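**Q** Sequence:
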Amino acid sequence: MDFNFDEFIDRHEQNSIKWGYPKTLFGDEPILPMWVADMDFANPPLILDELQKLLDQRILGYTFPPDTLYQTIINWQEEHHNFALTAHDILFSPGVVPSIALLIQTFTKEQDAVMIHDPVYNPFESMVTLNNRRVIRSSLISIDGLFKMDFKDIEQQFIHENIKLFILSNPQNPGGRVWTKQELVQLADLCQKYQVLLCSDEIHGDLVYQPESFFPVAAINEAYKEFVITLTAATKTFNLAGTKNSMIFVQNETLRSALVLAQAKTEQNSINTFGYAATEAAFTTGGPWLEELLAYLKINLDTICTFFDTELPEVSYMKPQGTYLFWFDCSTIGIPDESLTNHFAKVGKIGLNAGSAYGPAGAQYMRLNFAAPHAVVIDGLDRIKYAFDHPTG
Numbered sequence: 001m002d003f004n005f006d007e008f009i010d011r012h013e014q015n016s017i018k019w020g021y022p023k024t025l026f027g028d029e030p031i032l033p034m035w036v037a038d039m040d041f042a043n044p045p046l047i048l049d050e051l052q053k054l055l056d057q058r059i060l061g062y063t064f065p066p067d068t069l070y071q072t073i074i075n076w077q078e079e080h081h082n083f084a085l086t087a088h089d090i091l092f093s094p095g096v097v098p099s100i101a102l103l104i105q106t107f108t109k110e111q112d113a114v115m116i117h118d119p120v121y122n123p124f125e126s127m128v129t130l131n132n133r134r135v136i137r138s139s140l141i142s143i144d145g146l147f148k149m150d151f152k153d154i155e156q157q158f159i160h161e162n163i164k165l166f167i168l169s170n171p172q173n174p175g176g177r178v179w180t181k182q183e184l185v186q187l188a189d190l191c192q193k194y195q196v197l198l199c200s201d202e203i204h205g206d207l208v209y210q211p212e213s214f215f216p217v218a219a220i221n222e223a224y225k226e227f228v229i230t231l232t233a234a235t236k237t238f239n240l241a242g243t244k245n246s247m248i249f250v251q252n253e254t255l256r257s258a259l260v261l262a263q264a265k266t267e268q269n270s271i272n273t274f275g276y277a278a279t280e281a282a283f284t285t286g287g288p289w290l291e292e293l294l295a296y297l298k299i300n301l302d303t304i305c306t307f308f309d310t311e312l313p314e315v316s317y318m319k320p321q322g323t324y325l326f327w328f329d330c331s332t333i334g335i336p337d338e339s340l341t342n343h344f345a346k347v348g349k350i351g352l353n354a355g356s357a358y359g360p361a362g363a364q365y366m367r368l369n370f371a372a373p374h375a376v377v378i379d380g381l382d383r384i385k386y387a388f389d390h391p392t393g
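In terms of our numbering, the sequence shown opens at residue 1 and continues consecutively.
In case anyone wonders, no lab produced these hints; they're calculated from the structure.
Fair warning: this is a prediction, and the values are worked out from it, not measured in the lab.
C-beta atoms are modelled at their ideal positions from N, C-alpha and C, and glycine is treated no differently.
Please note that the accuracy of each hint is not assured.
As the list claims (entries may be wrong) - Ranges between beta-carbon positions, derived for each pair:
1. E13 <-> K152: 44 to 54 Å
2. K152 <-> C305: 29 to 39 Å
3. I17 <-> L54: 43 to 53 Å
As the list claims (entries may be wrong) - Straight-line C-alpha distance at most 27 Å; calculated DSSO-like pairs for lysine-lysine:
4. K109 <-> K225
5. K23 <-> K244
6. K152 <-> K244
7. K385 <-> K319
8. K349 <-> K18
9. K346 <-> K385
10. K18 <-> K346
11. K148 <-> K181
12. K23 <-> K265
13. K148 <-> K319
14. K193 <-> K152
15. K225 <-> K265
16. K181 <-> K152
17. K298 <-> K181
18. K225 <-> K181
19. K298 <-> K148
20. K298 <-> K319
21. K193 <-> K181
22. K298 <-> K385
23. K349 <-> K298
24. K18 <-> K385
25. K18 <-> K298
26. K53 <-> K244
27. K349 <-> K385
28. K109 <-> K181
29. K265 <-> K244
30. K319 <-> K181
31. K244 <-> K18
32. K319 <-> K18
33. K109 <-> K349
34. K148 <-> K193
35. K319 <-> K152
36. K319 <-> K349
37. K225 <-> K244
38. K225 <-> K148
All chains, full assembly: derive it from the sequences and hints.
**A** Structure, rendered in structure tokens:
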């Protein structure tokens, strides 16, 4: 089946965060938004058909997750990631970020130390600090255009800071790194040795480019199930963020019972009706769409890398192994970090994510979302080059 990823859908009047907030975030000028991580592609038709069936019933009342939903999640994880689950292992949550907050509140106390990488998806930090825990950062090392974990630093801080929880981005956002099995084993073994709970955010796990392979941490070793909690969703893979549904995979009964109780206290286990239906439809029918999506994203990515190599050869970047996010160095412009976002918006007329939002190590970097029609990506690249070529505006 052929899907039209070249179609441009005007989202200005859809209350879209991506397309509706830029005036507030970047200024009054009309800009091309290539920032927040949702896609500018139409959802898979078969998912939309299932949602239409809900509307056709004409009553949107209370619902519960059917057995078929659990089974589709189990089947998808087994088929795509060799991750064996039971229905008992699956809890539902409104989103991965609320789930992170839930884990922090359930398994740590105020002023406990929680470790994250630097740079990393910015809600990791905000959820820790807003819950009055201490953020401990372990800086990633850039080697040959890829992020690497500093295991010596991680172990030292495990010891000296008495880390209680490690929040991992797997695959890594914003650098697009798909961690190898060996790297994940090394990290998980350290967590096991120092009794650190490992929360693995795997929401980008389906968005991986060949020949790379994605590994759910908990599926690598039977022993890891005792201290690894996995967070994921269909929302990033199939562009369903507005349906507000995610999953928590927890296979240790003590940890599971604690999360069930914490969810009951806050009603975080009550999920959007459309989230249930969209998730089941995605994992039942979305395979062909995802296959074509990855091929299309790879074309966009190759175009971006070729453009930077030929038009901006002085600019270093990371070629992502997964995600649809492109991380590039803007230090050659010679503009202070705090002015970069404004420079790209005012001069290049493009909205990008500031790298410094992902931690101190992200200073002088920007993040580009390339999940858009190819023509939009080309337009965005021209705007980025213009901003580089005109450092004084």
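**Q** Each hint: holds or not?
**A** Cross-check of the supplied hints:
1. E13 <-> K152: 44 to 54 Å: holds, 52 Å
2. K152 <-> C305: 29 to 39 Å: Since the Cβ atoms of K152 and C305 sit about 31 Å apart, the hinted range of 29 to 39 Å holds.
3. I17 <-> L54: 43 to 53 Å: violated, 23 Å
4. K109 <-> K225: OK: K109 and K225 at ~23 Å, within 27 Å.
5. K23 <-> K244: holds, 25 Å
6. K152 <-> K244: violated, 38 Å
7. K385 <-> K319: holds, 18 Å
8. K349 <-> K18: With Cα atoms ~15 Å apart, K349 and K18 stay inside 27 Å; holds.
9. K346 <-> K385: holds, 13 Å
10. K18 <-> K346: Status holds; Cα separation ~17 Å.
11. K148 <-> K181: holds, 13 Å
12. K23 <-> K265: violated, 38 Å
13. K148 <-> K319: holds, 14 Å
14. K193 <-> K152: Holds, at about 14 Å.
15. K225 <-> K265: Holds: K225 and K265 sit about 25 Å apart, inside 27 Å.
16. K181 <-> K152: Since the Cα atoms of K181 and K152 sit roughly 18 Å apart, the hinted pair holds (cutoff 27 Å).
17. K298 <-> K181: holds, 23 Å
18. K225 <-> K181: holds, 15 Å
19. K298 <-> K148: Cα-Cα ~23 Å, so holds.
20. K298 <-> K319: Holds: K298 and K319 sit about 11 Å apart, inside 27 Å.
21. K193 <-> K181: holds, 18 Å
22. K298 <-> K385: Holds: K298 and K385 sit about 21 Å apart, inside 27 Å.
23. K349 <-> K298: holds, 25 Å
24. K18 <-> K385: holds, 22 Å
25. K18 <-> K298: holds, 22 Å
26. K53 <-> K244: holds, 19 Å
27. K349 <-> K385: holds, 11 Å
28. K109 <-> K181: violated, 31 Å
29. K265 <-> K244: holds, 19 Å
30. K319 <-> K181: holds, 20 Å
31. K244 <-> K18: Satisfied, since the Cα-Cα distance of roughly 16 Å is no more than 27 Å.
32. K319 <-> K18: holds, 23 Å
33. K109 <-> K349: violated, 44 Å
34. K148 <-> K193: holds, 21 Å
35. K319 <-> K152: holds, 25 Å
36. K319 <-> K349: Distance ~24 Å between K319 and K349 Cα, so the pair holds.
37. K225 <-> K244: Holds. K225 to K244 sits at ~26 Å (cutoff 27 Å).
38. K225 <-> K148: Since the Cα atoms of K225 and K148 sit roughly 24 Å apart, the hinted pair holds (cutoff 27 Å).
Violation of the numbered hints given earlier is confined to hints 3, 6, 12, 28, 33; the remaining hints are satisfied by the structure.
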